[in-house]
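> Sequence:
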Amino acid sequence: MVQVLFIFIPIIAAIFIPVLFKKVRGIHTGWFVLIVPVVLAAIYASYISRVMHGEAIVSKVNWVPSLDISFISYIDGLSLLFSLLITGIGALVVLYSIFYLDRTREQLHNFYVYLLMFMSAMLGVVQSDHLISLYLFWELTSISSFLLIGYWYDRDRSRFGALKSMMITVFGGLMMLGGFILLSIMGGTYSIRELIAQAPTLATHDWFTLSLVLILLGAFTKSAQFPFYIWLPDAMEAPTPVSAYLHSATMVKAGIYLVARLTPIYASSETWVWLVMGVGLFTLFWGSFFAVKQTDLKGILAFSTVSQLGLIMSLLGAGAVAFHVDQAQDTVFKFAAFAAIFHLINHATFKGSLFMIAGIVDHETGTRDIRKLGGLMSLMPISFTVAAIGSFSMAGIPPFNGFLSKEMFLTSMLAIKDFNLFAMDTWGAIFPIVAWIASVFTFVYSFYFVFKTFTGKYKPELLPKKAHEAPIGMLISPIILASLVLIIFFIPNIIGDVFVKPAVLAIQPFLYDSVSAIPIHVSAWHGFNTELFMTIGIFVVGFLLFLTIPKWQKLYNIVPDWLSLNRLYDRFMTFLDKDLNFISKLYMTGSIRNYLVYMFSFIVVITISTLFVKDAFSFSMEGTAPIHVYEIILILVLIISTMTVLFSKSRLTAIIALGAVGYSVALFFVIFNAPDLALTQLVIETVSVALFLLAFYHLPKLSRHEERIRFRLNNFIISLGVGVMVTLVALSAQSQKLVPSITEYYKETVNTLAGGGNIVNVILVDYRGFDTLFEITVLSIAGMAILGMIQLRLSRKENEHENK
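Residues are numbered in the working numbering as their position in the sequence shown, beginning at 1, plus a constant of 212.
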C-alpha cells in the first residue's frame, strides 16, 4: 500500500500550495515544491538494487472491489526508470522554474498545482498494473497538461495550443480505453502482468488485432507520432519549464512507455511490428525534415522532439522483431530494445537541457526568433557551452551520449534486411535508407539550433532586451543535464547495467531469465563497419546541408500551408464550431414540442424496424381474456375523445374532451379490478380539468385553421406511431414470455414478507420504496423551487411598489 501512496504524494502536496503562496510572501513557492520530487526521487532510487536483481515491488489498494478495479503499483525495471525520470527531471525543472518564473508577477500557485498534479498522473501511468487505473492516470495527464499549456490563459495561442493537445490526446485516450476493454475481455483480467502471461493465447483471439490498433492510437497520439504530432509544436506556448518537463522527458514518453509495456503481449503480431516501426521511422523523418523550417527556438526543439520520439518508437518496433526470429539472443535485434531505452535516457538529458537554454535565451534577450538572434556566444558563454553539448549529442557526435544510441539505432535498422518479414529486395532497404536520411536532417537541425543562435553577427537592434548571461540559479539545471550527457558517454555500461537492462527485461521477459542474462556491452568503437561509414556520411552530408541552408530552405515553400495537417485540423475545428453549429440551430429551436417530435420519431422508427428486421414480433391470443361489447364501446369513446382534443376549434371543448380521455381510462381500471388505480386516476383527472378551467383565461389562443390542421396532423402521425409501437411491443411481450411474470411473486409475498393487504400500495412503499422516495424528493425540490420563484416575484413587486 505504501508504494501506491507515493503516487499521490505530489497531488496531496498540491492542496497546500495555494496556502503557501498566499501566506509565505518572501520565499518563492517553488522552494517548497522542490521538496516533493527530491524526496520521491530518493525513495525510488532506494529500489535500484532490488530491481537490478530482478525483484518487483508490488503494492495494492482496492478502489472498486465489486468491479475488480484497484490501484496496483508495480515497480519493475521499466516503471522504476520512468519514475526516476519523472521525479529526477521534475526536480531539475522545479529548480529551473524558481529562477525562470517571477513570484511577483506570476500566479505560481496555479502553476505548481498543475505541475504536481501532472507528476502524480505520470507516476500513476508508469506504475499501474491495472488497465483501468492506468487509463484514469492517462487522462489525468491530458487534463493537467491542458492546464499547464494554457497557463498563460490570456494569450490566444496558449488557449489554442492547450485545446489542441487535449482534443488529440483525449481522442487517443478514448480509443485506447476501447482497446483496454477488449484486452480485458480477451484475457478475463485487468492485470497487465496476468495478460502478459497469457500472451500466446491472446494472440489467437479474434479481437487481438482490433485491440492492438486501438491501443496504438492512444500511444501514437500521446507520443506525438505522425499524423498526430501537430499538437506538440502548438504546446510550446507553455512556459519553458513546462516544455522541458512535459515535452522532452515525461508526457510525450507516456506513449513510448505504453508500447514498451505491452510489447510482450503484442510483439508476436506482424501488424504490431509494421505499425510501431513504420510509423516511428516515418515520424523520425518527418520531424527532422521540418525542424529546419522553423524559426522559433522552441519550434525547432518541438519538431526535433517529434523526430526523436519517432526514433525511439521505431527501435521498439525493431525490438519486437526479436520475438519472430530463432535464437533472438544471438541476433542484432537484441540491441533494439536496449537502444530504445538507452536513447530515451539520453534524450531526456540533452533535450531537457536544450529546452532550458531556449528559455534562457528568450528570458535574457526577449525573443526566440532565430532570425533575430546570433552572436550570443561571447555574451552567454555558459549557455552556449550547454547548448553545444546538447546539440552535438542530439546530432549523434562523439563524445556525447547521443552518439552511442544513434549507432545502435543504425545497427537495428540495417538488421531489418535479414528478417524474413522484410525482404531486402522489397521493403527491407527502405528502413536503413530512411533512417540515414532522417539522421542527416537531425544533424542539420542540431547545428541549426546552436550555431544560428550563438554564432554569426550580433543584432542588438532586433532584440527587445540587451542580451546577457543568465543568473547562475537558472543555469544549474541545464548544466547538470549537460554534464550527464558527457558522463553517460564514458560510463554507458554502468548506466546500462543499472537502468537499461532491468527495463529491457520487462520489455522482453520471454527472451531473458534475468538482468545478468542480457549480453549487451556498449562501446564507442566497433571497428570499420557499415554503421561507421553511414555515420561519416551523415556528418559530411549534414554539414554541407547546414552550410547551404539558405539555398535549399526554399523547398519548404513548394507545398502551401493550407495543405498542411495543421490547416486540416483548423478547418475541421472551424467546421465543428461554425458549420455544425449552424446545423444544430436548425433543430435546436428551443421548442419542447419539436424535441418531443424528434425523440418520438426516432424511437418509433428504431423500435418498429428492429421488431420486424430481427423477427422479434410475435402475436398470440392464447391465454388472453375475451373482449366484451362494453369494452369495445369504451375504446371507441376513448378514441373519439382523443381525436376531439386534437381537432377541436374551442379551448373549452378540448379541455372537456381531455377529461373524457382520463375518465375513460379510469373506467378501464375499474373493469380490470384495480380500484386503487381507478380512484387515483379519477382524482387526478378531476383536479387536472379543474385547473385547466381555472387557468382558462390564460391559456394560449388557438392558431388559424390552416396552421392548426398542419400542426395537429403532425402530432397525430407521431402519436399514432407511438401508440402502434407500444401496442406491438406489448402484444409481442405478452405473446412470448421468456420468464414467469413477477406478479406471482408479489401475490405470494405481499402478506408474508411485506405484511400488507393492498398489493399496489405494498409495491409502491416496500418493493419500490427507494424509487418512491426519490420521486417524492424530486417533487419536494420542485415545490421548493416554485415557492422560491413565487417569493422572488412577490419581493420584486414590493420593491417596484416602494420605488414608485
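Derived from the structure by calculation, the hints contain no laboratory data. Computed from a predicted structure; not experimentally measured. Any given hint could be a false lead.
As the list claims (entries may be wrong) - Straight-line C-alpha distance at most 16 Å; calculated EDC-like pairs for lysine to aspartate or glutamate:
| no. | residue 1 | residue 2 |
| --- | --- | --- |
| 1 | K678 | D581 |
| 2 | K664 | D782 |
| 3 | K584 | D508 |
To be verified - Label-pair restraints from in silico Cβ distances:
| no. | residue 1 | residue 2 | range |
| --- | --- | --- | --- |
| 4 | M800 | F372 | 22 to 28 Å |
| 5 | T984 | N778 | 31 to 37 Å |
| 6 | E960 | L375 | 26 to 32 Å |
| 7 | M785 | S821 | 31 to 37 Å |
| 8 | R369 | D418 | 44 to 50 Å |
| 9 | T416 | A729 | 39 to 45 Å |
| 10 | T416 | I988 | 52 to 58 Å |
| 11 | V231 | D789 | 54 to 60 Å |
| 12 | T822 | D789 | 41 to 47 Å |
| 13 | I649 | M800 | 50 to 56 Å |
Think of the CB as a built atom: it goes at the ideal place given N, C-alpha and C, for glycine as much as any other residue.
> Confirm or reject each hint.
Hint check:
1. At most 16 Å may separate the alpha-carbon atoms for a hinted pair to count; K678 and D581 meet this at roughly 15 Å.
2. Between K664 and D782 the alpha-carbon distance is near 31 Å, which puts this suggested pair outside the 16 Å criterion.
3. For the proposed pair K584 and D508, the alpha carbon gap of about 10 Å is at most 16 Å, so the pair holds.
4. Between M800 and F372 the beta carbon distance is about 26 Å. The supplied range of 22 to 28 Å therefore holds.
5. Distance hint check: the CB atoms of T984 and N778 are about 57 Å apart, inconsistent with the given range 31 to 37 Å.
6. Between E960 and L375 the CB atoms are about 60 Å apart, so this pair departs from the stated range of 26 to 32 Å.
7. At about 35 Å, the CB distance of M785 to S821 agrees with the hint of 31 to 37 Å.
8. Between R369 and D418, the C-beta spacing of about 46 Å keeps the proposed range 44 to 50 Å intact.
9. Roughly 28 Å separates the CB atoms of T416 and A729, a value that falls outside the hinted 39 to 45 Å.
10. Taken as a hint, the range 52 to 58 Å holds for the pair T416 and I988, whose Cβ atoms sit roughly 55 Å apart.
11. Between V231 and D789 the CB atoms are about 39 Å apart, so this pair departs from the stated range of 54 to 60 Å.
12. In this structure the hint that T822 and D789 lie 41 to 47 Å apart at CB is violated, the actual value being about 35 Å.
13. Distance hint check for I649 and M800: the Cβ-Cβ separation is about 52 Å, which falls inside the suggested range of 50 to 56 Å.
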